[in-house]
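K.L.:
Going by the working numbering, the first residue of the sequence shown is number 35, and it counts up by one from there.
Note that these hints are calculated values from the structure, not bench results.
Treat each hint with caution, since some may be false.
[Claimed, not checked] Taking CB as the label site, the calculated pair distances span:
| no. | residue 1 | residue 2 | range |
| --- | --- | --- | --- |
| 1 | M138 | S85 | 25 to 31 Å |
| 2 | I445 | N626 | 30 to 36 Å |
| 3 | T222 | T140 | 46 to 52 Å |
No residue lacks a Cβ here, since even glycine has one placed at the ideal position from N, Cα and C.
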Amino acid sequence: MLPTDLISLHFRLDEAHRRALKKLNLNTVEQLLLHLPQRYEDISSIQSVSSLVKDQEAVVYGQLGGLNTRKSWKSRTPISEGWVEDGTARIKIMWFNQPYLAKMLTDGMYVKVAGRVTGSVGKLYLANPEVEKLDTLPIDRHDSIFRNTETLDETIYPIYRETKGITSKWIFHAVQKCFATGVLTRLTDPIPATILNRYNLPSLATALIWIHTPKKQDHAASARKRFAFEEVFYIQTAKARERAAVSAASSYLIKTDPEHLAAFIKRFPFSLTSGQHRAIADIIKDFGGKHPLSRLLEGDVGSGKTAVAATTAYAVATSLPPEGLGKKIGYGNLQVAYMAPTEILAKQHFASFIEYFKHLPISLGLITGSGCYKFPSKSDPTKPTRISKAQLAKWIKNGEIPIVIGTHALIYKTIEFKHLAYVIIDEQHRFGTNQRRALAKKDTRLPHLLSMTATPIPRTLALTIYGDLDISLLDEMPKGRKPIITKISSPSKIEEVYTHLRQELQAGRQVYVICPRIDEPDPSKETALQLKSVKQEAERLQTNIFKNARIAILHSKMTPSEKTSVMEKFLAHEIDILVATSVVEVGVNVPNATNIIIEGAERFGLAQLHQLRGRVIRGTHQPYCFAVTSKDSVGKSGKTQERLRALLEAKNGFALAEYDLTQRGAGELYGLKQWGLSDLGMEALKNLKLVEAARKEAKQLIAADYELRDQPLIAKKISVLSQSLHLE
35 MLPTDLISLH FRLDEAHRRA LKKLNLNTVE QLLLHLPQRY EDISSIQSVS
85 SLVKDQEAVV YGQLGGLNTR KSWKSRTPIS EGWVEDGTAR IKIMWFNQPY
135 LAKMLTDGMY VKVAGRVTGS VGKLYLANPE VEKLDTLPID RHDSIFRNTE
185 TLDETIYPIY RETKGITSKW IFHAVQKCFA TGVLTRLTDP IPATILNRYN
235 LPSLATALIW IHTPKKQDHA ASARKRFAFE EVFYIQTAKA RERAAVSAAS
285 SYLIKTDPEH LAAFIKRFPF SLTSGQHRAI ADIIKDFGGK HPLSRLLEGD
335 VGSGKTAVAA TTAYAVATSL PPEGLGKKIG YGNLQVAYMA PTEILAKQHF
385 ASFIEYFKHL PISLGLITGS GCYKFPSKSD PTKPTRISKA QLAKWIKNGE
435 IPIVIGTHAL IYKTIEFKHL AYVIIDEQHR FGTNQRRALA KKDTRLPHLL
485 SMTATPIPRT LALTIYGDLD ISLLDEMPKG RKPIITKISS PSKIEEVYTH
535 LRQELQAGRQ VYVICPRIDE PDPSKETALQ LKSVKQEAER LQTNIFKNAR
585 IAILHSKMTP SEKTSVMEKF LAHEIDILVA TSVVEVGVNV PNATNIIIEG
635 AERFGLAQLH QLRGRVIRGT HQPYCFAVTS KDSVGKSGKT QERLRALLEA
685 KNGFALAEYD LTQRGAGELY GLKQWGLSDL GMEALKNLKL VEAARKEAKQ
735 LIAADYELRD QPLIAKKISV LSQSLHLE
């Protein structure tokens, strides 16, 4: 039996087996061996029926039989009885005054039986035992579990992920058969022995034995640690190679006049936080290094990422001319591309940059799917003007417009930069080397890259997801911003919320109302989960609650132009209350909107709730967030209440992210399932020391052998992984 052999060559499979194995993606012997147990059943408390003695508290796994109901001879007490058999013997079971049990249970059923052994020698029985129905037994009848127990500590039984047609037990025995053929001697360990020894990790062969047939918990834990390290190590190696490729590329050397930069910052209508100053200093330092900048700027909504982006964009646009670009004529030798995820956000950044750059002879461009703009306009230097896409493309190509803001329209084939030196990506989590080269088109130099996100990410995940980037954190809010007052409310107390909102509306403030749905569900199809919808809630609020308020709706089924129109009216305070789905999670800066109600709050993740409430922290007025639970969840789920309490207690988004990681896992939160990580790999992403160790080893490996010529198995693994990470 070879690792690459098909399972079908060595096992007799019917059609149900074949379908099940395909569903589990188990085709080869190696894939079967790497189908690791999900958990272990500790069967140390299980006794064989043949060993039971009177007055013993027993736990027996077996199969029921002989079930019937009768009445005792003298007292006529109803008795349900039968027997349970485990392969070593059978013992009678009796329940008194419980005649219904014989009808609930059936002969042949697998069960776990727990009770006290009573009766006399030769006539022992279990009296009134507790019975738990099982799909299968954790051990086989006649299994070796009851053999040699005096010399071996075989009490940990693996439980595997199964599907219709394949049981956990079938997988266990198939793995044992593979072991018996000596297949482990034909496996090559992809992880170098030096790395395994450094962290006291078992070899592949040893780890497979320990994880599938552990003699004790320490063996299973050590094997799981090895496989967890291996999965994270592959990701870190892929990221390390990506970073090495960036470092090997040439880029633009950006020289900045510190006095000019200080003067630009001084014009802001607010003081920068220490975090913003640090981030700007780090980026400027990277601009002057030998390698292209590759940095992630992470900070809560409202922490000032746009100001950092504008300052560093100014540094590029006013940079001294690099060698080979000729004499400096005004500004515009080096160019900046700022990519936003939505048209609404692109327009917001364009408006912000106009405020930052209106005193300078620096042209700005905006390109989205619905149109193009240039600032300043020739007819009115204080305003932008609409221009054709062809005209904007011409000015970008000849370098007349140094700073261009847009959506993915920036990557259109017709858009070509003269000297693209700096790319800023807002909320785009994966933007690798090839995407940077595609944006730079024919330029052999790789542009500097700043990726920005308002999604709070735990440190372990940041080191993994953004393993190819340096990280800057904005962990404080600008001065003058008041902390959000957050309250958890139930439907029965919603009138108190409405009273508060009436006062806020009267004071001239605006309100967001977030609903989980766009439309009401079909009552004939769904009755258990009645969550509020945007359309019906807007109508209800207008008709019954806020009759004089100007109310509008916003949701994902609206066209881009409709969304833009609504948000522009909300920004201009032509709308008082905006009822929306979470589409406003990444949205327009509306400083006057200081209140947000989140209906069905338990339906959202903590990170999403945190970002939604960040919509109301843009101004200097006191912001409020009301997380309202739906009828169906109030008081029913302790975990729900605990999770929402974390929203009240966490100091910032990073603390919430750590909590969410612990409670919900990395796969659910960050879409890492597409990376092919197992549940074990997901768990590993919570272990900071393990992630840091894998990162360190990956960096050293790539530094010594970038092409991985000496590690072909690792090269093969990360080649597949890199495709899922969009690095190739």
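K.L.:
If you test the structure against every hint from before, which numbers come out violated?
P.N.:
As far as the earlier hints go, not one is violated by this structure.
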